[in-house]
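Chemist: Work out the full structure, taking the sequences as your base and the hints as a guide.
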Amino acid sequence: MAGPHFAVWSILSDGEMPDSWNTSSDSLEARAVGIIVPVVFSLIFLVGTVGNSLVLAVLLHNGEVKYNTTNLFILNLAVADLSFIVFCVPFQATIYTLDGWLFGAIACKAVHFFIYLTMYASSFTLAAVSVDRYLAICYPLKSRHVRTTCNAVLAIVIIWTLSLLFAGPYLSYYQTVNFQETPICAPIWEGQRRKILDILTFVFSYILPISVVSLAYARTIKFLWTAVDPLEGISESRKAKRRVTKMIIAVAVLFCLCWLPHHLVILCFWFGYFPFNQATYALRLASHCLSYANSCLNPIVYALISKHFRKKFKQVFTCVLV
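If you read the sequence shown in our numbering, its first letter stands for residue 1, the second for the next number, and so on.
Honestly, the hints are just simulated from the structure, not real lab data.
Model, not experiment: these values are computed from the prediction.
Backbone N, C-alpha and C fix where the C-beta goes; we use that ideal spot for every residue, glycine too.
Hints should not be assumed to be uniformly reliable.
To be verified - Restricting the straight-line Cα-Cα distance to at most 25 Å, the calculated cross-link-like pairs of lysine to any residue (SDA-like) are:
(1) K109 - Y173
(2) K246 - K195
(3) K307 - V50
(4) K195 - K222
(5) K241 - T176
(6) K109 - T176
(7) K109 - K195
(8) K246 - V301
(9) K311 - S143
(10) K241 - L56
(11) K222 - V146
(12) K307 - C268
(13) K241 - S143
(14) K142 - K241
What the hints assert, rightly or not - What follows is a set of in silico ranges between Cβ atoms, one per label pair, in the way DEER data are often shown:
(15) Q315 - S211: 33 to 39 Å
(16) R144 - L264: 38 to 44 Å
(17) Q278 - H145: 57 to 63 Å
(18) T148 - R193: 31 to 37 Å
(19) L60 - N151: 19 to 25 Å
(20) L283 - W225: 37 to 43 Å
(21) L290 - N151: 32 to 38 Å
(22) A282 - I207: 25 to 31 Å
Modeler: Set out below in structure tokens:
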């Protein structure tokens with residue numbers, strides 16, 4: 001069970017598998033992975049599919065997104081999350097639970113391409129919505145001609161176009177190879193090319209978007225808490241903007257925290273000491289699960305923070321059950 005996936009680590013390092021490495025599917029570690037991973041990935045798939053489908057239903061019901069740029073970006077984020085869950089999570093789960101890759105070379109390329117495509121789309125969308133909230137709160141009147149539905153749709157088109165370009169190299173990055181007569185889905189690029197692509201991915205999918213998000217929300221929060229005297233009454237409009245901003249900030253923070261271990265593991269692999277053993281394998285697995293879980297957490301945030309989303313979720317449930 002664990003052997004083929006351990007082999008991927010050996011290919012990653014351009015080295016040999018340690019003689020002491022236990023790759024037997026009968027080992028205690030392998031049996032534990034075979035039980036834990038399907039449960040975790042099944043929960044991610046179930047919660048993510050239901051949650052993001054509810055978000056889409058709420059936003060598309062009665063034209064919720066028609067004249068609201070923030071809702072358009074939330075809709076785009078839900079589409080990216082749902083696409084990742086449907087097209088990537090089930091296949092990725094099999095890497096940890098089956099003896100090999102059973103879905104062929106095209107699926108091997110497509111699944112990893114979709115992972116990075118949706119990751120880029122999510123990070124770029126969070127950057128775009130952070131700028132949208134900054135303009136809406138700090139320049140509500142001046143930004144009206146900028147924060148239009150047409151411009152939001154254009155921004156979303158640009159987001160997916162850039163995501164396609166940045167994720168494109170991963171169509172050739174992975175391929176099916178045979179390990180002990182078992183097909184596995186693994187990187188086939190040589191070390192230096194992989195290192196450059198991994199660094200570029202970290203910079204453009206994480207550092208730059210998070211920098212934009214951090215700067216935009218820092219300025220937004222400063223404006224919210226300094227532009228109005230806390231002792232004076234705050235308008236309902238300002239309160240509503242604060243609630244929406246709080247919700248989007250929570251989503252951005254979760255994205256940052258969930259994907260950080262994934263990127264740190266890769267950076268440690270290239271620039272630090274990262275031996276190939278059961279402990280680092282477990283760390284890699286945990287970072288994968290955490291990054292994948294991000295796609296099912298956003299609907300939970302919406303439900304916890306937004307009264308509007310809670311109300312709409314109940315309405316959708318009522319319509320489905322009736």
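Chemist: Work down the list of hints and note, for each, if the structure agrees.
Modeler: Hint by hint, here is what the structure shows:
Note on K109 and Y173: the hinted pairing holds, with a Cα-Cα distance of about 8 Å set against a maximum of 25 Å. With a C-alpha separation of about 36 Å, the suggested pairing of K246 with K195 is violated against the 25 Å cut-off. The straight-line distance between the Cα atoms of K307 and V50 is roughly 19 Å, inside the 25 Å bound, and the hint therefore holds. For the given pair, K195 sits about 39 Å from K222 by alpha-carbon distance, which is inconsistent with the 25 Å threshold.
With a C-alpha separation of about 49 Å, the suggested pairing of K241 with T176 is violated against the 25 Å cut-off. A hinted pair counts as satisfied when its Cα atoms are at most 25 Å apart, and K109 with T176 qualifies at roughly 9 Å. This hinted pair checks out: K109 and K195 have alpha carbons roughly 19 Å apart, not beyond 25 Å. The hinted pair formed by K246 and V301 meets the criterion: a straight-line CA distance of about 10 Å does not exceed 25 Å.
Restraint check: the Cα-Cα separation between K311 and S143 comes to about 29 Å, which exceeds 25 Å; the hinted pair is violated. Distance restraint check for K241 and L56: the Cα-Cα separation of roughly 21 Å lies within the 25 Å cut-off, and the hinted pair is therefore satisfied. Annotation: proposed proximity of K222 to V146 holds, straight-line Cα distance about 22 Å (limit 25 Å). Note on K307 and C268: the hinted pairing is violated, with a Cα-Cα distance of about 42 Å set against a maximum of 25 Å.
Using a Cα cut-off of 25 Å, the hinted pair K241 and S143 holds, with the two alpha carbons roughly 15 Å apart. Only pairs whose Cα atoms come within 25 Å are accepted, and K142 paired with K241 is accepted, the gap being roughly 16 Å. Checked against the given bound of 33 to 39 Å, the beta carbons of Q315 and S211, roughly 38 Å apart, stay inside it. For the pair R144 and L264, the supplied restraint of 38 to 44 Å holds, since their beta-carbon distance comes to about 41 Å.
For Q278 and H145, the Cβ-Cβ distance of about 58 Å falls inside the hinted range of 57 to 63 Å, so the restraint holds. Here the CB-CB span from T148 to R193 is close to 42 Å, at odds with the stated 31 to 37 Å. Between L60 and N151 the Cβ separation comes to about 20 Å, which falls inside the hinted range of 19 to 25 Å. Between L283 and W225 the Cβ separation comes to about 38 Å, which falls inside the hinted range of 37 to 43 Å.
A hinted range of 32 to 38 Å for the beta carbons of L290 and N151 is consistent with their spacing of about 34 Å. Remark: the range hint 25 to 31 Å for A282 to I207 is upheld by a beta-carbon distance near 26 Å.
In this structure, the hints that do not hold are numbers 2, 4, 5, 9, 12 and 18, in rising order.
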